[in-house]
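Colleague: One-letter residues, chain by chain:
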Amino acid sequence: MGSRTLVAPKNKKNQLSFLERLGKKFSDFGKRFADGSLGTKLSHFIFGAGNFYHKQYIKGFLFLLIQVGILALMIFCPSVNGTPYGWKALRNLSLTHVTEGGAFDPVTGHFTSGSDCKLMVLFGFVTIAMIVIYFLVWNLNIASSAKADKDKKIGKKPSTFKEDLQELLDGKFHVMMLTPTCIAAAVFTILPTIFMIALAFTTYNSQDMNDLGTNLFHWNGLQNFRAVFTGEGSLGVEIKNRFLPVLGWTFIWAIFATLTCYFGGIILALLINKKGLKGKKLFRTVFIITIAVPQFISLLAVRNLLGEYGPFNAMLMNLGWIKQPIGFLGLHPGDSEMLAKFMVILVNMWVGIPYTMLMTSGILMNIPTDLYEAARVDGASTTKMFFKITLPYVVFVTTPYLISSFVGNISAFNTIFLLTGGGPTYTGYQAGGTDLLVTWLYKVTIDQGSYNTGAVIGIFTFIITATITLVTYRRSKAYNEEDTFQ
Amino acid sequence: MKKFLIFLMVFAMMAAMLVGCSEGGDTPAKDPNDDGEIRVWVGEESAEFYQKICDQYVADHPDFGYKITVKGMDTGSVAGTITNDPTAAADIYTVAHDNIGKLAATQCAKPITDQGLIDQVLADNPASFQKVIYSTLNDQTYLFGVPYISQALFLYYNKALVTDEQAASFEGLQEAAKAANTKAITVTGDDGFNMSFALLATKVSDHSTTVKLYEGAESVSGGSKGVSNCQGDDTVAIVRWLQAYAADPNGFKWASSDGWDADLRNNGALAVIGGAWHYNTAKASLGETNLGIALIPTFSLTNEAVEGLTGVAAGDTYRGGTFADCKCFMINAYSAASKYAKEQELIKYMSSKEVQNASYLECLNVPAYVGASDYIKQCYDEGKVAEGEYKLAAMQVGMAEWGIPQPFITGTLNTYYYSKNGPAVFRAMIDKTAYPTTGDKVLTETESLEGIRKGLYLIEYLWMHGQAPKEFPATLPTPA
Amino acid sequence: MSDKKIKVSSQSRNRRVSLTVTYTLLIVLGIIWLVPLVWIILSAFRCEYRADGTFIGTVTENYFPRVFGLKNFKDLFTATYYGVPKAFPLWMLNTLVIAVIDCVISTFLVLSVAYCMSKLKFKLRKAFMNASMIIGLFPGFMSMIAIYFLLKSIGLTGNPQHPQYSVIGLILAYSAGAGLGFQIAKGFFDVIPNALVESAKLDGCTNFKIFQRIILPLAKPIIIYQALMSFTGPWMDFIFAKVIIGADNARYWTVSVGLYSLMFGTHPDTNLFTQFAAGCVIVAIPIVTLFMFLQRYYVEGVTAGAVKG
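Note that the protein sequences, when read in sequence, are chains A, B and C. Number 346 in this note's numbering belongs to position 346 of the first sequence; there are no gaps in the numbering. Number 254 in this note's numbering belongs to position 254 of the second sequence; there are no gaps in the numbering. Number 248 in this note's numbering belongs to position 248 of the third sequence; there are no gaps in the numbering.
Derived from the structure by calculation, the hints contain no laboratory data. Wrong hints could be hidden among the right ones.
[What the hints assert, rightly or not] So these bits of chain B aren't anywhere near chain C, every CB distance computed over 12 Å:
{"no.": "1", "residue": "R39"}
{"no.": "2", "residue": "Y142"}
{"no.": "3", "residue": "K203"}
{"no.": "4", "residue": "R265"}
{"no.": "5", "residue": "K283"}
{"no.": "6", "residue": "M464"}
{"no.": "7", "residue": "P477"}
[Unchecked claim] In silico SDA-like cross-links for lysine to any residue, where the CA-CA straight-line distance does not exceed 25 Å:
{"no.": "8", "chain 1": "A", "residue 1": "K274", "chain 2": "A", "residue 2": "P368"}
{"no.": "9", "chain 1": "A", "residue 1": "K274", "chain 2": "C", "residue 2": "L25"}
{"no.": "10", "chain 1": "A", "residue 1": "K172", "chain 2": "C", "residue 2": "L216"}
{"no.": "11", "chain 1": "B", "residue 1": "K377", "chain 2": "B", "residue 2": "S352"}
{"no.": "12", "chain 1": "C", "residue 1": "K201", "chain 2": "A", "residue 2": "E167"}
{"no.": "13", "chain 1": "A", "residue 1": "K118", "chain 2": "A", "residue 2": "H218"}
{"no.": "14", "chain 1": "C", "residue 1": "K123", "chain 2": "A", "residue 2": "F161"}
{"no.": "15", "chain 1": "A", "residue 1": "K278", "chain 2": "A", "residue 2": "H218"}
{"no.": "16", "chain 1": "B", "residue 1": "K283", "chain 2": "B", "residue 2": "K470"}
{"no.": "17", "chain 1": "A", "residue 1": "K240", "chain 2": "B", "residue 2": "P473"}
{"no.": "18", "chain 1": "C", "residue 1": "K86", "chain 2": "B", "residue 2": "N280"}
{"no.": "19", "chain 1": "A", "residue 1": "K281", "chain 2": "C", "residue 2": "M129"}
{"no.": "20", "chain 1": "C", "residue 1": "K123", "chain 2": "A", "residue 2": "E373"}
{"no.": "21", "chain 1": "A", "residue 1": "K274", "chain 2": "A", "residue 2": "L364"}
{"no.": "22", "chain 1": "B", "residue 1": "K203", "chain 2": "B", "residue 2": "N181"}
{"no.": "23", "chain 1": "C", "residue 1": "K123", "chain 2": "A", "residue 2": "C182"}
{"no.": "24", "chain 1": "B", "residue 1": "K203", "chain 2": "B", "residue 2": "S352"}
{"no.": "25", "chain 1": "A", "residue 1": "K278", "chain 2": "C", "residue 2": "S12"}
{"no.": "26", "chain 1": "B", "residue 1": "K348", "chain 2": "A", "residue 2": "I367"}
{"no.": "27", "chain 1": "C", "residue 1": "K126", "chain 2": "A", "residue 2": "I367"}
{"no.": "28", "chain 1": "A", "residue 1": "K25", "chain 2": "C", "residue 2": "L124"}
{"no.": "29", "chain 1": "A", "residue 1": "K172", "chain 2": "C", "residue 2": "M129"}
{"no.": "30", "chain 1": "A", "residue 1": "K274", "chain 2": "C", "residue 2": "L294"}
{"no.": "31", "chain 1": "A", "residue 1": "K388", "chain 2": "C", "residue 2": "Q11"}
{"no.": "32", "chain 1": "B", "residue 1": "K52", "chain 2": "C", "residue 2": "L90"}
{"no.": "33", "chain 1": "B", "residue 1": "K470", "chain 2": "A", "residue 2": "F225"}
{"no.": "34", "chain 1": "C", "residue 1": "K209", "chain 2": "C", "residue 2": "I224"}
{"no.": "35", "chain 1": "C", "residue 1": "K86", "chain 2": "B", "residue 2": "K348"}
{"no.": "36", "chain 1": "C", "residue 1": "K209", "chain 2": "A", "residue 2": "E167"}
{"no.": "37", "chain 1": "C", "residue 1": "K123", "chain 2": "A", "residue 2": "L364"}
Quick caveat, the model's predicted, so the values are computed rather than measured. Using N, Cα and C, we set each Cβ at its ideal position, and we do this for glycine too.
Could you put the whole structure together from the sequences, leaning on the hints where they help?
Modeller: This is the structure:
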């Protein structure tokens, strides 16, 4: 999806010829069938037939196995939790072939459960993926047979299975290397993402469903997106009233969190790498430890330290600076929102600065020393050198990092979730004062079961992060250098 | 063009696996789920006990024919775990009774039809419980839950700083708090269950309150929701009283961000209204000797609280109320039909008086059956339990008299109180802050009589309709 | 002469002053950075009792413990959590197994994808790179249910007959996405001169041989970096693992799920804080040690990632 938007503007010419290319594809296809050997012709119906014809038994068998496997899945419709895959899953995708279920036989104890709409959607998409694969393999198996035909024609022997494997280690090496990742990404990233996007167009909201006394949901078009602006639906008012504030805070947070850690890290790196300073390694180690300790440990430690009855408040009270403990992290509904916001940014510096420090240390050492020498000859002060040489150089080199950490901060779940839990909460709203889009999404889906609303928030988050990434990435050095490399 | 060769192969393998491994077809064959094992989920604290007595049962009944595995679950989140994927849940699970409607409606539970078991449930349990263990399936009413533990809120207090007399009333606690320069009392959370101490408070002299929750509701989908009332003058007076009590420097406070136990431990509050499941934490906070247990205290309405109201008088004494709930065994809808009879047999055993008694002795679970207080007393007299443990049970049984079980109707209406912002409105009133989401109107001036009436109207509306009204009516309806 | 001397000495004095300031700053910052971590360690060794003999396991307002002891560790290793006797050592073992396998698979995937993207030329290469960058930006919580049911379809969640299969499911789910995070490793491979690859090709090496004989030996820093990253992942995730392995399957939980549930269940026992702290110390020790030893590689990886984007 993303790739097309990226490539499209450059390939205007190719787009124009798209229809031509399509036509050619079809004619090629017809020609392949007409010119093909008996095996190739048969391959159009039985996978691997051509390979068997050319005595490539293992390959043929593998093709056949795929055909039989997918067809069996399509026809027999195996089911999980009572929800089938296969052709029934395609039919189910409409979410109209549903039953409420609940028929119960008091004597035998036999219980008929109703349709599980979420699985219907999920398995529907899995089945579509299977069908796409079926046709890809279909084309592949014909092509494989056609190639063997061609080899035969020019007097070469069709490749053996062993040769095919060897080809995988050389000419088709990328196929072998990328296949596991492609499969894994398709199953564990792309399919779930499609599923999630699809939920945004449904009425899958546990509370509404409970109110209606049903287990079923259905498609409802763009209604959930409209609710963001109109405030309709069970979470509508919350979404309408809280969406912009949360979005705004997400940006403010991302900007501050990125910049504070970035410049804080540079300054720390400069301090540690100061000439003549002893114990560099020791200092560095101290800061690295915070990176190494799992966040759920270190952030919870901070949270407890700053708690109402924690050591920090106790210290302030002993010093007589405060009379009442302060709710630093907004864990209490009445606590100050500004203070909580300030504190999460502050604590995030604690988390993020060592990281930037490490990164910039290396870069600082790579700054050509003659630049400084020249400046020194000109009588530039240390401060001036910092602003004229060091900073520009570091910023220039680390711009990609700055962007990726900005995007990362937009969806920084751990810091907010573990520190404030999104608090201080507001009476009547799920989204608290320090909730980011992602933590709000978590509450809305995992705590509330409003999957459709969650999906809408998720899609908005995605649009924001993807836009920033794409726009900046396309302008970056890395992207443009890629072109020259190609 | 063999680009995706391996990619596809693995997919086909998966397809083949799917065909091979899964349940096979749309219509379940003859109970492929029956693996000769009955799995039971109970609360974490009593898993060991129930495993022991189940093993005993199997040993005593060689013809039972099933292996029983008991696992402890976090009872607070177990209902969510079950609804997420009921097929992965145990055959028999336990939840608080207010989840029955939801689990029945989402088809996670199977009714109980064994006459012997039904008879036992009807014979053993108080009428209040019997009202809330039924739900409907396809417009048929069935018994769904079998009570085996009763639960109610009561008071934990710090004996070092509060005398027993002081712990009997909110005013007494206030007095003790003044002496200790701290707050009198806190709650373990701000949800509807914890706030029930105020909303369900009843007049001591005649146990009366005008609060009604779904009274006379029919537990049939589409049936009547019954009558709810939250706008009586006594309720208004109680809110006003609590507003003043919370504003007092030695009055009520919400639990700190470190948890109510931190308040207790650090003398941030002298008492807390909590349940039996808070016992270990409370004990750890105060130490066993300092931990006092009592009924939820009484309070007397002040002149300011009753000003301008009828039907209430200054000096009227109320006792804090509670939802007196029960935990129930339920049968998973996805459990194999062939296990059905044995599951009911097992539940009958696990919910029998004998086992409930044994579970009190071993795990401090307060029995749910009528007359359990005699047994509880007897155990104490015979020296089988310590004083704290006795009080823990006795006060819960005592509070049951002052409370009602959380009501629910056909799967939906119970959730209103928890998740539809009723408690949030209530909290806003006590804090005298605004409540934002009344349709397009904001509930403001919650400190004024008008604001309180509006807030209570809002709560009642939430109970009945599950969502806030678009706006407040020009004149609030007079209480039913 | 003397003029110059004065200048030098004032310079050196300036320098000394600025060094002192730097030292002070760094020491103060270092203390700030260590305070929470030291506190967890101190809490783990805290062994205080109330006058009536009950153990104080909660957060207390005193930063430094009054009494030190090993009780928390002893309890941690022997206690029954969630009905699982001696759960903590089991959780440690589970996590170790998961982390090691995940580490091997993930590292392999990342290296193979990065190599393809950097040194091989093929159709769809650019498309793959762009897509992989975008896909990862979707918030992951909702995919959790989808992944759960996909794994359940192939029997890899915590079903009662074979609860241990859920561990395989979790490893799959952890390592599946790894290949898409190839950017840093690709940045590293980009620096390896193409001429090296070209000359090997002229010598008749297959792409596989080039990868195996030339690239891998050069890639040691990035291999270690990737391995470190993927090894530490399972020790830090406290949400996803519980969904996949199952709430009733505590025997196969990872250590972070276990520790997190101890402190943040629906009815958390705050009295377990010191035990929780002890657990944190045990979890942190191997990870921090690894980081310390492999610091150089970590810095190299981080820097490469920052610059290459």
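Colleague: If a hint holds in the structure, say so; if it does not, say that too.
Modeller: We went through each hint and held it up to the structure:
With a least beta-carbon separation of about 6 Å from chain C, R39 (chain B) fails to lie farther than 12 Å from that chain, contradicting its non-interface assignment. With a closest Cβ-Cβ approach of about 26 Å to chain C, Y142 (chain B) is found to remain outside the 12 Å limit, as its non-interface label requires. With a least beta-carbon separation of about 33 Å from chain C, K203 (chain B) lies farther than 12 Å from that chain, consistent with its non-interface assignment. R265 (chain B), annotated as away from the interface, has a beta carbon of chain C within 12 Å; the closest lies near 6 Å.
At roughly 7 Å from the closest C-beta of chain C, the C-beta of K283 (chain B) falls inside 12 Å, breaking its exclusion from the interface. At roughly 29 Å from the closest C-beta of chain C, the C-beta of M464 (chain B) stays outside 12 Å, upholding its exclusion from the interface. Interface exclusion of P477 (chain B) from chain C stands, the closest Cβ pair being 38 Å apart, more than 12 Å. The straight-line distance between the Cα atoms of K274 (chain A) and P368 (chain A) is roughly 16 Å, inside the 25 Å bound, and the hint therefore holds.
At most 25 Å may separate the alpha-carbon atoms for a hinted pair to count; K274 (chain A) and L25 (chain C) meet this at roughly 12 Å. Between K172 (chain A) and L216 (chain C) the alpha-carbon distance is near 19 Å, which keeps this suggested pair within the 25 Å criterion. The straight-line distance between the Cα atoms of K377 (chain B) and S352 (chain B) is roughly 19 Å, inside the 25 Å bound, and the hint therefore holds. With a CA separation close to 15 Å, the supplied pair K201 (chain C) and E167 (chain A) stays within the 25 Å bound.
Note on K118 (chain A) and H218 (chain A): the hinted pairing holds, with a Cα-Cα distance of about 10 Å set against a maximum of 25 Å. The hinted pair formed by K123 (chain C) and F161 (chain A) meets the criterion: a straight-line CA distance of about 24 Å does not exceed 25 Å. Taking the CA atoms of K278 (chain A) and H218 (chain A), the gap is near 67 Å; set against the 25 Å cutoff, the hint is violated. Restraint check for K283 (chain B) and K470 (chain B): the C-alpha separation of about 47 Å exceeds 25 Å, so the hint is violated.
Using a Cα cut-off of 25 Å, the hinted pair K240 (chain A) and P473 (chain B) holds, with the two alpha carbons roughly 23 Å apart. Proposed proximity of K86 (chain C) and N280 (chain B) is supported: the alpha carbons are some 21 Å apart, at most 25 Å. Annotation: proposed proximity of K281 (chain A) to M129 (chain C) is violated, straight-line Cα distance about 37 Å (limit 25 Å). Taking the CA atoms of K123 (chain C) and E373 (chain A), the gap is near 48 Å; set against the 25 Å cutoff, the hint is violated.
About 11 Å separates the Cα atoms of K274 (chain A) and L364 (chain A), which keeps this hinted pair within 25 Å; it holds. Taking the CA atoms of K203 (chain B) and N181 (chain B), the gap is near 30 Å; set against the 25 Å cutoff, the hint is violated. For a cut-off of 25 Å, the pair hint linking K123 (chain C) to C182 (chain A) stands: about 15 Å separates their Cα positions. For the hint pairing K203 (chain B) with S352 (chain B), the CA-to-CA distance comes to about 35 Å; that exceeds 25 Å, so the pair is violated.
Between K278 (chain A) and S12 (chain C), the direct Cα distance comes to roughly 16 Å. Compliance with the 25 Å bound is thereby established for this hinted pair. A C-alpha spacing of about 79 Å is found between K348 (chain B) and I367 (chain A), which places the hinted pair above 25 Å, so the restraint is violated. For the given pair, K126 (chain C) sits about 32 Å from I367 (chain A) by alpha-carbon distance, which is inconsistent with the 25 Å threshold. Only pairs whose Cα atoms come within 25 Å are accepted, and K25 (chain A) paired with L124 (chain C) is accepted, the gap being roughly 18 Å.
A threshold of 25 Å between alpha carbons decides the hint, and for K172 (chain A) with M129 (chain C) the separation of about 18 Å falls inside it, so the pair holds. With a CA separation close to 24 Å, the supplied pair K274 (chain A) and L294 (chain C) stays within the 25 Å bound. Between K388 (chain A) and Q11 (chain C) the alpha-carbon distance is near 22 Å, which keeps this suggested pair within the 25 Å criterion. The suggested pairing of K52 (chain B) with L90 (chain C) holds, with an alpha-carbon distance near 23 Å, which does not exceed 25 Å.
Simply put, K470 (chain B) and F225 (chain A) have alpha-carbon atoms about 21 Å apart, close enough for the 25 Å limit, and the pair holds. For the suggested pair K209 (chain C) and I224 (chain C), the alpha carbons sit about 21 Å apart, so the restraint of at most 25 Å is met. Restraint check for K86 (chain C) and K348 (chain B): not satisfied, since their Cα atoms lie roughly 33 Å apart, outside the 25 Å limit. This hinted pair checks out: K209 (chain C) and E167 (chain A) have alpha carbons roughly 12 Å apart, not beyond 25 Å.
Only pairs whose Cα atoms come within 25 Å are accepted, and K123 (chain C) paired with L364 (chain A) is rejected, the gap being roughly 39 Å.
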